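Asker: Here is what each chain is made of, one letter per residue.
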Amino acid sequence: MSNLESDLFELADTSLYLQPTPAGAYAAVSSPEPNAERQLLLTLMSGSSSRRATTADLVAWTGQHTEQAALAVVHRTQANGWLEGFRQPHGPTAGSLEPIAAQALAVLSSTGHGLLADAQGFCIASRGFDAAASEFLAAVSADIASMHERHARYLADASGTSTGAWALVDMAGNSRVGFWPLFIGDHRFVLALGGLPVLNHPVLVDLVWSLTVRYGDARHLALPQERNPR
Amino acid sequence: MTTTASFSITGSVAGDGTSTGSRDIVRRAGVAAATVDRTADERAQWRAEHLAIPGTGHIHFTALPSDDNLGDQLARRVAGDPLDARLHVSRVNHHVLHGDRDRAYGAIVDVFYAFGSEAFGLRHRLFNGVRRLIGGDRATMLDHYLDAGLQPDSPVPWCPGSMLSPGATGSTTIVRRIVGGAVR
Chain A
32 MSNLESDLFE LADTSLYLQP TPAGAYAAVS SPEPNAERQL LLTLMSGSSS
82 RRATTADLVA WTGQHTEQAA LAVVHRTQAN GWLEGFRQPH GPTAGSLEPI
132 AAQALAVLSS TGHGLLADAQ GFCIASRGFD AAASEFLAAV SADIASMHER
182 HARYLADASG TSTGAWALVD MAGNSRVGFW PLFIGDHRFV LALGGLPVLN
232 HPVLVDLVWS LTVRYGDARH LALPQERNPR
Chain B
214 MTTTASFSIT GSVAGDGTST GSRDIVRRAG VAAATVDRTA DERAQWRAEH
264 LAIPGTGHIH FTALPSDDNL GDQLARRVAG DPLDARLHVS RVNHHVLHGD
314 RDRAYGAIVD VFYAFGSEAF GLRHRLFNGV RRLIGGDRAT MLDHYLDAGL
364 QPDSPVPWCP GSMLSPGATG STTIVRRIVG GAVR
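Just so you know, the protein sequences line up as chains A and B, in that order.
If you count the first sequence from 1, you need to add 31 to reach this note's numbering.
If you count the second sequence from 1, you need to add 213 to reach this note's numbering.
The hints are simulated quantities; they were obtained by calculation from the structure and are not laboratory data.
Quantities reported herein were computed from a predicted structural model and do not represent experimental measurements.
Here a beta-carbon is modelled for each residue, glycine too, at the ideal position from N, C-alpha and C.
Please note that a few of the clues may not be correct.
[As the list claims (entries may be wrong)] A few chain A residues that don't get close to chain B, going by computed Cβ distances all over 10 Å:
| no. | residue |
| --- | --- |
| 1 | Ala54 |
| 2 | Gly94 |
| 3 | Gln109 |
| 4 | Leu114 |
| 5 | Ser165 |
| 6 | Val171 |
| 7 | Gly191 |
[To be verified] Label-pair restraints from in silico Cβ distances:
| no. | chain 1 | residue 1 | chain 2 | residue 2 | range |
| --- | --- | --- | --- | --- | --- |
| 8 | A | Gln151 | B | Phe333 | 46 to 54 Å |
| 9 | A | Tyr246 | B | His271 | 51 to 59 Å |
| 10 | B | Asp315 | A | Gly191 | 28 to 36 Å |
| 11 | A | Thr194 | B | Gly349 | 33 to 41 Å |
| 12 | B | His271 | A | Gly204 | 20 to 28 Å |
Working from the sequences, and respecting the hints, build out all of it.
Answerer: This is the structure in structure tokens:
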């Protein structure tokens, strides 16, 4: 049996352009608490395109002091299914945020009902809900997020989970509308989805990446250096 | 213009002879009492037991009162309790009985994710039961993972309907572990 503390790691493939998976994109922004995995994922989404990494890059992107510590962070991240690489660089869709969000919202719910709101209750984009419902849910999203923030410490103890997501549920406990907070830099957004959430859809990466590029906090990230493709 | 309907109380004793009570307490005047279509229920029961994947028809799932359709309810419960084999069997069979190839594929992919390399017998049986329904390309892809199951970092083409997939579609071997100079 291996001793994880003494294991050594090496970069397996330096030709891959790295980016978060959909689960990785969600993990990156589902909590405001910083950690090395989250820093890596947010750094990968801080630029307009995915990048290839050297070991030195990974040391900077994970905030670690040694190459082995950085590679261990990457290994944990990939083992969770949060990190992937492609032969070609990818990036968030160009253009303004509203159409990107609207396109994403259409497929992130099994019923096509979705909404993205900011911390003030402003509806950035909405699909499937009528105008009045969108306005109402955006306002509720802000209230729920604010309430959760006030009670987060005690809710974690009481519920045994650290999730910040809330839902309106039916008799069987199934969510009719769920509210998922997205913490990006100093900003907090709320993703409200009707029906069954589809948060492992590739379009979630596009949405979170688009938000991170616009609202991410560069102060806490080791931004990838711009350089020519190798 | 509004219409006024009149209703009558159907009686204080359940009229269908069941011990579970009747929901037909009040009915619209002049309309015949609702009857339970036992034949349809029995047919559904027979289908569930005999047209399911062989050897799994005796495993039943009790639906909870919910606004969700049964497929969504099973999907949510699999996401909430991925190691409950009974839920996986019921979910796969539900989509098999409805001939829904996409959702059957999502359900069988979740069986592969849920148990990893464990539960080979269950995975093998359910996979053989849906192999034809999900189609050749998907079956060939899953064949590759039949022995070891899927791990969170297993790259799989985007699979709509899967609740347990993290959505990795690219290469997921960025870093590898080495011990004494040997790659593991």
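Asker: Against this structure, judge whether each hint is valid.
Answerer: Here is what the structure says about each hint:
Against the 10 Å criterion, alanine 54 of chain A falls within the reach of chain B, whose nearest CB is about 3 Å from its own CB. The beta carbon of glycine 94 of chain A sits about 16 Å from the closest Cβ of chain B, which is more than 10 Å, so the claim that it is off the interface holds. The claim that glutamine 109 of chain A lies off the interface is violated: its Cβ sits roughly 5 Å from the closest Cβ of chain B, which falls inside the 10 Å cut-off. A beta-carbon of chain B comes within 10 Å of the beta-carbon of leucine 114 of chain A; the shortest separation is about 6 Å.
No Cβ of chain B approaches the Cβ of serine 165 of chain A within 10 Å, the least distance being about 21 Å, so the stated non-interface status holds. With a cut of 10 Å on Cβ distances, valine 171 of chain A stays outside the contact zone with chain B, its closest approach being about 19 Å. Separation of glycine 191 of chain A from chain B is adequate, the least Cβ-Cβ distance of about 14 Å exceeding the 10 Å criterion. Between glutamine 151 of chain A and phenylalanine 333 of chain B the CB atoms are about 53 Å apart, so this pair conforms to the stated range of 46 to 54 Å.
Roughly 54 Å separates the CB atoms of tyrosine 246 of chain A and histidine 271 of chain B, a value that falls within the hinted 51 to 59 Å. At about 35 Å, the beta-carbon gap between aspartate 315 of chain B and glycine 191 of chain A stays in the expected band of 28 to 36 Å. Between threonine 194 of chain A and glycine 349 of chain B the CB atoms are about 39 Å apart, so this pair conforms to the stated range of 33 to 41 Å. Range check, histidine 271 of chain B to glycine 204 of chain A: about 27 Å between beta-carbon atoms, so the 20 to 28 Å window is met.
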